[in-house]
Each structure stands twice: as C-alpha cells, then as structure tokens.
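Colleague: Protein chains in written order, with full-length UniProt numbering: chain A, 1 to 267; chain B, 1 to 267; chain C, 1 to 267; chain D, 1 to 267; chain E, 1 to 267; chain F, 1 to 267.
Derived by calculation from the structure, the hints in this document are not laboratory data.
Errors might be hidden in some of the hints.
Since the list gives no way to pick out one identical chain from another, each pair is judged satisfied if it fits inside one copy or across any two copies.
Derived pair list, reagent style DMTMM-like, types lysine to aspartate or glutamate, alpha-carbon separation capped at 25 angstroms [as the list claims (entries may be wrong)]:
| # | residue 1 | residue 2 |
| --- | --- | --- |
| 1 | Lys98 | Asp265 |
| 2 | Lys98 | Asp267 |
| 3 | Lys117 | Glu44 |
| 4 | Lys117 | Glu266 |
| 5 | Lys77 | Asp267 |
| 6 | Lys230 | Asp259 |
| 7 | Lys77 | Asp233 |
| 8 | Lys230 | Glu120 |
| 9 | Lys98 | Asp259 |
| 10 | Lys77 | Asp206 |
| 11 | Lys237 | Glu266 |
| 12 | Lys77 | Asp35 |
| 13 | Lys237 | Asp57 |
| 14 | Lys117 | Asp213 |
| 15 | Lys230 | Glu43 |
| 16 | Lys117 | Asp245 |
6 protein chains.
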Amino acid sequence: MQRLLITGAAGFLGNMMRQRLAHLAPILRLSDVADLGAAAANEELVQCNLDDAAAVDDLVAGCDAIVHLGGRSIEDKWSVIRQSNIEGVVNLYEAARKHGMPRIIFASSNHAIGYHKQTERLDASATTRPDGLYGVSKVFGESMASMYYDKFGQQTAIVRIGSCLDAPVTHRMLATWFSPDDFVSLIERAFTVPHLGCPIIYGASDNSTSWWDNSQTAYLGWQPKDNSDKFRDHLMKTVPQPAPDAPDVIYQGGVFTADGIHPEDED
Amino acid sequence: MQRLLITGAAGFLGNMMRQRLAHLAPILRLSDVADLGAAAANEELVQCNLDDAAAVDDLVAGCDAIVHLGGRSIEDKWSVIRQSNIEGVVNLYEAARKHGMPRIIFASSNHAIGYHKQTERLDASATTRPDGLYGVSKVFGESMASMYYDKFGQQTAIVRIGSCLDAPVTHRMLATWFSPDDFVSLIERAFTVPHLGCPIIYGASDNSTSWWDNSQTAYLGWQPKDNSDKFRDHLMKTVPQPAPDAPDVIYQGGVFTADGIHPEDED
Amino acid sequence: MQRLLITGAAGFLGNMMRQRLAHLAPILRLSDVADLGAAAANEELVQCNLDDAAAVDDLVAGCDAIVHLGGRSIEDKWSVIRQSNIEGVVNLYEAARKHGMPRIIFASSNHAIGYHKQTERLDASATTRPDGLYGVSKVFGESMASMYYDKFGQQTAIVRIGSCLDAPVTHRMLATWFSPDDFVSLIERAFTVPHLGCPIIYGASDNSTSWWDNSQTAYLGWQPKDNSDKFRDHLMKTVPQPAPDAPDVIYQGGVFTADGIHPEDED
Amino acid sequence: MQRLLITGAAGFLGNMMRQRLAHLAPILRLSDVADLGAAAANEELVQCNLDDAAAVDDLVAGCDAIVHLGGRSIEDKWSVIRQSNIEGVVNLYEAARKHGMPRIIFASSNHAIGYHKQTERLDASATTRPDGLYGVSKVFGESMASMYYDKFGQQTAIVRIGSCLDAPVTHRMLATWFSPDDFVSLIERAFTVPHLGCPIIYGASDNSTSWWDNSQTAYLGWQPKDNSDKFRDHLMKTVPQPAPDAPDVIYQGGVFTADGIHPEDED
Amino acid sequence: MQRLLITGAAGFLGNMMRQRLAHLAPILRLSDVADLGAAAANEELVQCNLDDAAAVDDLVAGCDAIVHLGGRSIEDKWSVIRQSNIEGVVNLYEAARKHGMPRIIFASSNHAIGYHKQTERLDASATTRPDGLYGVSKVFGESMASMYYDKFGQQTAIVRIGSCLDAPVTHRMLATWFSPDDFVSLIERAFTVPHLGCPIIYGASDNSTSWWDNSQTAYLGWQPKDNSDKFRDHLMKTVPQPAPDAPDVIYQGGVFTADGIHPEDED
Amino acid sequence: MQRLLITGAAGFLGNMMRQRLAHLAPILRLSDVADLGAAAANEELVQCNLDDAAAVDDLVAGCDAIVHLGGRSIEDKWSVIRQSNIEGVVNLYEAARKHGMPRIIFASSNHAIGYHKQTERLDASATTRPDGLYGVSKVFGESMASMYYDKFGQQTAIVRIGSCLDAPVTHRMLATWFSPDDFVSLIERAFTVPHLGCPIIYGASDNSTSWWDNSQTAYLGWQPKDNSDKFRDHLMKTVPQPAPDAPDVIYQGGVFTADGIHPEDED
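Isolated chain A, as found in the complex:
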C-alpha cells in the first residue's frame, strides 16, 4: 500500500485515525473541508468538499485504500446531509471506480438501525430502521457500497460504528462503545484479508452488554479486544441512570430517535 486516503481527517474520528493509521502506508493523504493544520512529512493535505465531483476524483486518484470518515456525522437539516452524505458518497464511489477500485472502509452508523429496540439482537442481515435523515443517508451509503460490489467488484467494509471514543460517557455506551484500538485493528484487518467482499460489521468492542452479533463476518478474523465493563462501576457512580422508558434506554439509536426533522432555515 503506497497511499492511504482518510477523508474527514479534521473531524474527531478523522484526527484520531490520522494519528493511528500512519503505519499502514508511506503516504497518508488527508482531506477535509475544514482546516487540517500542518502536514507531517508523510502527509498530503487536501482541502476538498465532498459534493464537488471533480475535486473528489482528484482526491482519490493515486490512492490504494480509503478510510471514508468524511460527511456529516450527526443529524442535521436535509440540505447538509444531502451534500455531504448523499452527493459525497456518489462522488467517492464514482472516483474509486475510475481509479482502480481501492478498498474502502465506509463509516456507517448504528443510526442506520436505530429504531430497533435494545432488547433485540441484530446481525448483518437485520433490516435497516434508520432513526433520522442522518440514518437514512447511511442506509443510502451502504446501498451504494452493495451495488458497486455486485456490479463492479468494488470491495467495502461497511462499519456500523457505535460510539468511538476513549471511554463510554452514557449508560447506553456500555453497549455501543467502540475503542479506538479496536477500530484500528478492524481497519488493518479489512485492508489485509485476501478477499474483503462487502461485509456489514457492527463497530463495537467486545462489550458484555451487547446488541450486535458479528459472527457472520468471522471470515475476516477480526476480534475486538476491549470491553466497556472496565468503565461500568465508574459510570454507575458518576452518571445518573436514565428513566426506564427514556429513548436512550429503549432504542439502539438512543436520543437520535427523539429528534425531529431539522428545518432548512436552522443554522
């Protein structure tokens, strides 16, 4: 692998991966619409709007692998979701198709299945139940990945990310927590297995509290190592439990399910 592209590299996840994926390729190409700071010796920085097809085409050219974290990652008004998560994905897949079909890690989200209840256990064949426009846009992206695989052989790891941060900060995150180390090991594995295909993988650590079953993708040989249980006692003491009928306790998508449609004139 000569050049690894990370989109959305100025965001929270993107910045984390900028630090942690440098060993995968001699050159990291980093893109974002926001400022990316100073380039390290091994970095190429590209300011780029994902809804600009020509710019995305340039961005992808010459890359051997893509970690696609770019786009809006929480609920927003439709015009924002559309430009970043709909147009952005269309542009990315067309660019990849034209430039040798490098493998893609697609950052999907638990919000693609957010209206399933926490008492349900889902695997890769579960029906989608998005919990907002953001979730719908992720179903769209998964659907693009599926189609480009069936039609062209473009391989993608679809990762339905839970909550990727250093430690869980809500009770719901005891189930959704995805340690940065586990995300990194998943990305490494997706780039090194001989055949990736187009699997749907739930991005969560090996948490005792669990709603998701990755056994269908055991052919990848990826096994998360962390467990949110080590934070449980601290969390129980410091964070009040939500009411037993709060959305954060009922639905897998948590508080996103309580959100409405954002009006176009909101900031």
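Place chains B, C, D, E and F on chain A using the hints.
Modeller: For chains B, C, D, E and F alone, coordinates are given in the frame of chain A:
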C-alpha cells in the same frame, strides 16, 4: 376519502391508475412534470416538479391519500435520479408530515433487490441488493418511509413492483408480472385496512413462477388473483428463451444488472 | 369410537358442537355445570363441575374421545379462572390418563398469544404472550397437554381458537374468524389421523387476512375451506372501523389487551 | 430437443414415462437391463447395465435430455445398490459431462430423508436422514449432482419422489402420493425453464396431508394439481389404519425404517 | 434500593442468597413458611404462606425489589404445587402491581423445558416442554410475568435455573451447573440495568458443556464467570457414568422426566 | 476402554494419533494398507485393505472404540475413492454393527462442504456442497453414519476436519487450521461423554478467522484451545497472498474446487 393524489400520473403506470382509481375518492388530484391532457370532471391537474419542495407542499395539501408513482422509473444518470427520486421523496414525506400524514403507496421496485439470484426466495426481511442508481434510490425511498413511520407514525405501503403491464413480454416476467387488476386491489386494500403500518409488499400477481413471498404481510388480507401461466404457452412460442447464463435468467433484477453507471453528459 | 365426550356442552360453542358432532359416535356424552336441557336418544347428560376431581373421573370413564370446551372462555376474576381452567384441566388430564388416554381436543385460545401485534405472523413455535388471566390459564392448559404427551403419550390437539361464530362481527374477526364447519372438519381430522401427537393449531378459517401459519401441522391434512372475505363488504358498510391505534387493531388479542385484572369481589 | 433418454424404462416408473413423455422429443431413447419389448417408431431401445461405464457413455451420446429412473428403487443388499445406484450414477454423470451436459432429472427418493418424523416439515435445506442403504445411495446421487453443478455447470432436477402410482394404497401415501400427471408436468417444466440450476424438489402432489415444502423452488413455476384427498374416504374404509406407533405412522420413510441390512447372500 | 425482599429465604437457595445479597439494600426482608432463625440487624423476618393473598400483599408493601425463590422447587402432588407455585405467583404479582411494581427475579427452572433433548440447543425463544407438574407450574409463572409486563410494564427477570449449588454432583450438572457467584452477579445486573424488560435467561455458568444460549439477552451485559470443567476430572473419577440411554443423559430435565404424577394422598 | 482401533495409522494423521492417543487404552490396534513399522509394547499392527470386508470384520472384532482415519484423503480417480472411501466405510459400519457397536470417530472433511463461499458461516445443519469425488465420498460416509445411528443406535462423531497439521501454511488455513492438540481433545471428549449421538463437528481450532459454528454441539463440552492468529504475522511475511479471486480465497474447499475429475488411467 375526499381527495386522492396520484403523482407521476402522465407516466405509464400513472395513466393506468388515473383510469382505474377514480372510484376511490370524489376528487383525483393528478400531478406530473409532463402534460396531463384535459381534466375530467372529478380531476384536478397539477403540473409540478417533485424536486420543488414548495410545489410539493402545495400539491399534498388537502389530500387524504397518496399513490406516489412519480419519479424516474428506469436507470438514468445520477442528477436525474437525485432530483426525482431522492429530492422528490424527501419533499413528499415532509409535505405529508405537515398535512395530516395521509397514507402513502410508495412505488418501490424489484430493482431494490435486483442482485439476488432467481433461485433465491425473498420475503419482506430480505436484505436489499440494488442493481443500479435507480435501485439505490428506491432503497433510499423505502428507508425514508421506514423512518417516518417509526418517528411520526406516517403509514406507507412499500410496493416492490415487478412488471406491471397487461401481459408479460419476456420469460423473466413470468415471475415478475403484476397485473393492473392486482395492483389496483392492493391499493384499495392498503387504503381500507384499519392499520396499515409500513409493510414491504412484493408487487407481483399469483404467478406459478415466483421468487417472492408475501406471507409476512398477510395481515393486510390482500391476495392477487392473476397468474402469468395463462401467457406461458404463447410466450414460449413467440419469444426466444435467453441463454441459461443471461442476466435476465440469473438475477431477479434482470438486464438492469448488466447496465453501467450513466455518465452525466448522456442525454 | 363408541362414546364422545363434549364438555361445556351448554355453552355457545358446546351447543353448536352438540348439534354437529353427533355423527362421530353412537353416544354423545355431554357435560356442563349449567342445564343441558332434554337428552336426545343418543345423548348422555352429566351435570358436573370441572373442579370436582371425582366427578370428572366419572365423567371421562368409558369415553373414547373428548372435545374439551368446558371452563371459562373470557376474562374473569382469578378464583373463577382457577376453578374452571386450572383445576378443571388438571382433573381432566388425570381422568384421561386413568381411563385409557382418549384423544383430547383442547380448546385453547388466541388469547394465549394475544399480545403479539397483528403485523406479526405466528406459527406453532411462536412464544406465548397471554393477554390476561384467561390467556395465562390457556398457556397452563397447553403446558399440561404437552407434559402429558411427553410423559405418557396422551395425544391432544391444542386448538388456539380465533372467533368461532357464524360470521365475523368486528373488523378484527376478518382475521380470526373460524367457521363452525371448519372447526368440525378439524375435529374430525384430529380423531381420524393415525398419529395425532400434540400439535398446536391455530383455529381460523382460510381467511385472506391472516396472522397465523398452520404449515407446521400440515401432516394432519386439515385444510379450512371458508374465507371471511365474503363478509368483508357487508362489514365495511355496517361496522365502523376502529381507530388505527385501537387495541382491536394493534394486538392479536384485541380488546382483551385493554382489560385489567378483575377484582375478587366483582360479580 | 431431439432425443430424450429415459433410463430404467422397463421398470414401473420407466414404463409409465415411456407412455407419457413421447411428446417431448422426436426420439425417445429407452434403456434398461431388462427386456424393453418392441420399439415403437419413435423409440430407440438400448439394453444396458448402468455399471458399465463404456455402455453408459454410448447410451448418453447424442441425447439432449435425460430422465434417470434407472437403478435399484427399493432396499437391497449392498452389492446390488452399489452397482446400480453408486456406479450407475458415477457413470451417468461422467457420460453427461463428456456429451454436452444435457439436463438430468434425477430420481431421488423420500428415503434420503426417511428418518425425519412425519410431524416435521421439510424443505430443500433439510438435513438428509437416509433410512437404509438405498436411501444412502440416493444421498450419494444427490451429492454427485450438486458437485457436477458447482464444478461444471451440469444442471439437474433432484426429485425426492414420494409414491408415484395411480392412487395411494396406504394411509402414509396420503402424504407421499405423487400422481403421474404431476410428475410429468414437473419433468416438462424442468426441461423448459431457461435456467434450471440444481434444485431439490419433493415429488408429491398437492396433498392436504403434507410434510414437504417446495416453496424454495417456486422459481421453477411448477405446481402440482392433484390431491390425495379424493382417495381418502375410500382408503379409510378399505385399508385398516396402522397402530399409532407403527413405523409407517412415525417416520417419513415408513416401513423402510424397520428394515435391516440385507446380507450379501440373500437372493 | 431501600428494601429487598427474598421469598423462600429458609430454603437452600434462599439461605444462600440471604448471605450473599445483603449488600444490595440497607434492609433485607426475608419470608418463608418455615422458620427463618434469628434476624440480623439489617433483616426483617416475615413468616408467610404464599397462598395467603393478604399476607403476600403485606409482605410486598414497601419493597423496592424482589427475589422470588419461594414455592415448591421439586415435583410434588398437585395440591402442594398449586398452593405454592400457582396461587403464590398470582398473589405475588397482584401485590407487586399494587405496590409500585418493584422489579422481580423469578426463579423459574430448567424443568420448564425439561423434555427437550440434551442434543438440542435452546435460546429464549424455545418452546416450553415441562417435565412434570412442577415444570408446568413454572411455565405458568413465566406466563404471568409475561402478561404483567405486557399489560402493566411490571419488569421481571425470568431465570430458568439449572443446578445452583457449590459444585456439580452428577454428570448432567456439567451442563446445568450454576455457581452461586454467577447467580448473584445476575441478580445484581438485573437490578441495575436501566431497562430490564421481561427476559428469559438460562441460569447456568459458562460451562463448556452447554445446551443453552443466552445471546438474546446480551443486552443485560451479564456474563457468567465460572465453568464446571474444573470439576470434570473429579466427577469422572468419583461418580459412575449413567447408561447412555438413561433419562439423566437423554433429557435436559434429567430424572424429573422419569417421575410420574404424585397422588394426592402421598405425604 | 480396552482396545482402541486407529485405521489409516501409517498416514500423516494416523501416525500423529498413534503417538498421541496411547493413553486412551491399554492396547492400540493400528491398521493400514501400508507398512506400519515396528510395534510398540502396547500396539497390535494389522495390515489390512479396507475394501476387504472379511479383513475389516476381523480388524474391528474386540475393539471398544474406533478412530477411522483410513481411506484416501485427497482427490483421486473414482476407482481409488470407491474402494477406500465407499467400500471401506460400508465394511467398517457393518463390522462395527456386528461387534458391539464401538463408538466411531469418522474423519470427514471440509471438502464435504467445499463449494460454500468463505463469506458464509456454516453450522451442523448446513447443506453439503462437496467439491469433488473425494468430497462426495465423505458425504456418503456421513450418510452411512447417520443411517446406522438412526437404525441401530451406532454412535459416531463426524468430524469435518479442516487442516490438521502443526501450523497453517497457506492463508486459507488461518480459518481451517486444526491443531493436533485440539483434535486429540475432541477425540477424548467424544469417547467419554455419556451420550455421543451422531453429531457433525467442524474440526478447526479456535481461530479468529472462522467460517464454522460448532455451537449446536456444545452439549459435548468440547472447546478448542489453539488459535491460528499466532502464526498470522509470520504467514503474512513469508507466504504471498493469493489473488482476491483465487479459488483458495473464494471457496471453503480452496484449490480442490479447481480440480477436475481424475481419469481412470491416471497413475
């Protein structure tokens, strides 16, 4: 029911339904971007582009029920698909939400699951496998319907239409044929059951050759009456069989699976 | 078959079966706690309380087959349910065990699975979700039948009766209607198949609107013939539709789910 | 189709098909180890032992389609089963591979799944549970068909024949009866669908009493028309019911399950 | 949590939990029909018969959580089972409903599914197959829990306890062993998760030999820590293996399946 | 256990087990068609061709347990496969039936399911998809084991061996690797559980990369301990990855799927 809206009423399916659904409401409101001809006494004609949110809002106001046939119904370049099938659906659901949430019949398509093989049998919980941008746009639409149902209670009958025409004209259509009478009876049923929910229904007649299983939606009480077998002998004699490895014989989506991505500069 | 016992023969279903099952055996033994009127030439009438073990033992002695319709068939206070549906079933199975284990038709009820939603499709392996004390007592009875089959070989047809009356009188009954003719043909079949076992059968006609799937018991060869659709138009015109969120529209058990626990001092 | 081969044409099923399949091709080639009588104008008769590879190669050469009924069709000693059902199948598939891979109808048997109980419902994905050496040989044949399809694209309709005769003569056959007309229509369909694949089809009529579910092969569009119910009353009156724990009542394979291993010195 | 009620506290399991659950609440209320000995400082002792509704009402008043171990825990004559396990459960749930619906741990049993074979693997959706009147009474209790949850929101952890003792003493217990530590951690978890619902949990340790699958309740985040393997060698040496067709080897319920119905006049 | 028979003891696996299973019985009886070298004090050596029924009968007489590793273990021409893997198995099962039905470990193979893709996850109920004549012969052997269990109670552990060698030497073997230690522990367990039955077990270690799910046979209490991950880095550095569409990457059976039918005149 006072006023029934049919979108895409100048199209093939739309025109068919304009003739056949008049008994459902005193007033038919018909919309299309194309010319709709002269209005009958019970008809309101509205020329309207689905990607115009304000126009769609006006269109939906005052309607008790919607048969949404509007949008592009075959593969096309992305900009066309996006404006009609992505923007159009977003506008329709927002308008419906604001105007009393009339029930919607959403014309989805077998192309949302087109890459499944014809030797597979699918029911409502099958994973989507779209066979092109058109198919992806239908997955998007289904996903919007699902989200508006979970979040707001908006009820939609998602109909994955096979081949709705007077008679099958290819061998594949022995499985996908959906007689206009059967489509009409499904629409009637969807508007009259006490609780519709947001079911996924395969739009096909009671054909002997079948890839689809609607038993999960038997709570609707809809049963197709026609069977493509009455056309089988004629078809065998007049239409050459495709090769045993032709896309039309391998995949449920048929020749759509052999299509590429349409370039933006195509007409 | 020499003597067929029908319990609860003075009740609605019991009286219906008294008229319709006479051809199955030379002697009908009929029991009820209520008055059974005058005996026909082929009838033996026994006034008997099901919670009286000795009386039930006498009742069952000499019978080759049992249609057990006795007991409380709607929600009631616990003491009533217990005496008729708990004690009654214990007494019946003990008596049967002691007297040659005649086959039993056990009138269970849709209220054993009443909290499943009408959008779900259940077969014989569905989990029970009773909708009241009456429903719980039916789960108890099914459980007794299962245990006596596994332990002693006592064969029972467990029939989860929907709504057995001449015609549906609510919209929900379009799904639950069980024509008397179809019930009779099921009883005939259960008594004549070489091996009955202990199957769970949903007692419903071949209605277009359907929540239940009897395919697992197709080894019995029973097929209902009637369809509630013939009453649909009349029902639509004469009976107002319930609200889309009424219990009668949401749950398979209908209005029973809206009932509370009956206090012991109610009449 | 120019030439249709029927093996085992002097046997019971073979003779039946000799009469009924003549319309499928101008030339019927008929083979058997036994005497085939006089040839009709459209018939080619070949006396041939299936364990003779060269003879089978000659037999298959020039044929466009094969109905393979040859071999031993009841339990026998191993040396007989091996020569006809193991060697015979190996020879047939090799010959077919070398001669253009004509479609094959492979007469498998319910005895490949004979130890499943009659209270179970099986579809094409059920595990095999053969009930004797004969049943094991049928599993072998199915396995050869599967391998030749996966490896070479050789298409086979695997038909697990129930009881193909004019009318059921035991109570068990109410479930297993396969009318000759229905078998003929299945063969016709298997030869005319554009893509056959390698489906497992239970060869039974549309009997009310049923243990088998062909819904997974509905892509073939074959529907049996006959129902053993028309013989039920006659059977009930003329054939004594077996005991409720007789093998013919407990297992799908019936009395075959009660048979032992036949010694090599049996005649 | 202010006050935790443990019923059946003088029994084997009850006494064990009296020692081990004191940390969960400032006050332990302990009840039994038998003598409970002297009260510790943090204990309230209540002698109470579970079939006495008024007494149970008093017992439950003021409690925030209930571990219901009371009732008969082995096979017995019906009158005993009824008073303790049927009446007792009805009284408990009514009392709980009237007093704020404290969470309940309901001690169900593997004997609710005892007639499943040991070669089967069961999860929470398995059908019940009770192995005696005791098992039937546990199905009844589970059914009450389910109904009170669906109707009133009363939350219960239904624990199908295997064999809760310090070490396995039969070969069957290699699969059913439930270490006291693991039971305690399950109770702790059931009382602290934000939403409990009404799950069915198999009460067994993390034994290598296993018939039960708790993956559907992984949302609780409970993971047993012990494994019966540490006792395997000792058991193999000291306890003779049962015959390969002994009930203790064939059925999950073990020797209970070999028991009959206990007569009412037994002591 | 007095005498353990290992067939195929001169082969690779056989020799390995000769060293490792001596602790299971005072006498090891070892057989092969090839030379077995010198006998140790506890060994009985028998040169024997498996297609010789009388010799196999003698071989099995007096044995309490059998590890059947004999026969051809890679693809070969039919006559070789037939004599060793078809005739050999028939002879072995007949001999076992006549001599007290000692438990058998039957070395089946992943090539019985070799045409399943590596992206599929199989359990014991997966359909067989053999990848050559060798695979077909293993399906035959499994089928014999199943029939002898259902008919006579002969118990067999069917082990679908992956790749049993000291370390994986191809990328595919990261999934199929079966450490000798794990195979030994499985054999020990199969001989000591009170009831073995006739389970299908995938013979693989606890590898992170996995296509197989043994949860249905958790009643055996066998758990593999090794994981191929310890060899992954070394393998990545020393063995070139196959192309993403190589058979070794696509199919579970690997390169066997690319093999043809071996002609009879091959050496």
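Colleague: The structure should be examined with respect to each hint, and the outcome stated for every one.
Modeller: Quick rundown of the hints versus the structure:
With identical chains, the CA atoms of Lys98 and Asp265 are at most 25 angstroms apart between copies only, with a shortest distance of 16 angstroms across copies and 37 angstroms within one. Within a single copy, Lys98 and Asp267 get their C-alpha atoms only as close as 36 angstroms, which misses the 25 angstroms cut-off; across copies the closest is 21 angstroms, which meets it. Taking the closest pair of Cα atoms, Lys117 and Glu44 never come within 25 angstroms of each other, the shortest separation being 43 angstroms inside a single copy and 39 angstroms across copies. Proximity of Lys117 to Glu266 under the C-alpha cut-off of 25 angstroms is found in neither arrangement, the shortest distances being 30 angstroms within a copy and 38 angstroms between copies.
Taking the shortest alpha-carbon separations for Lys77 and Asp267, only the intra-copy value of 9 angstroms comes in at or below 25 angstroms, while the best inter-copy value is 32 angstroms. Taking the closest pair of Cα atoms, Lys230 and Asp259 never come within 25 angstroms of each other, the shortest separation being 31 angstroms inside a single copy and 45 angstroms across copies. For the identical chains of this complex, Lys77 and Asp233 are neighbours neither inside a copy (37 angstroms) nor across copies (45 angstroms), given an alpha-carbon limit of 25 angstroms. With identical chains, the CA atoms of Lys230 and Glu120 are at most 25 angstroms apart within one copy only, with a shortest distance of 24 angstroms there and 33 angstroms across copies.
For the identical chains of this complex, Lys98 and Asp259 are inter-copy neighbours only, at 16 angstroms across copies versus 38 angstroms inside a copy, given an alpha-carbon limit of 25 angstroms. Neither within a single protomer nor between protomers do Lys77 and Asp206 lie at most 25 angstroms apart by alpha-carbon distance, with minima of 34 angstroms and 43 angstroms respectively. Taking the shortest alpha-carbon separations for Lys237 and Glu266, neither the intra-copy value of 37 angstroms nor the inter-copy value of 48 angstroms comes in at or below 25 angstroms. In this assembly of identical chains, the alpha carbons of Lys77 and Asp35 lie at most 25 angstroms apart only when taken from the same copy (23 angstroms versus 33 angstroms across copies).
Taking the shortest Cα distances, Lys237 and Asp57 never come within 25 angstroms of each other, neither inside one copy (50 angstroms) nor across copies (33 angstroms). Proximity of Lys117 and Asp213 under a CA criterion of 25 angstroms is satisfied in both settings, with 15 angstroms inside one chain copy and 20 angstroms between copies. Neither within a single protomer nor between protomers do Lys230 and Glu43 lie at most 25 angstroms apart by alpha-carbon distance, with minima of 35 angstroms and 32 angstroms respectively. Taking CA atoms no more than 25 angstroms apart as the test, Lys117 paired with Asp245 passes in both settings, with 11 angstroms inside one copy and 20 angstroms between copies.
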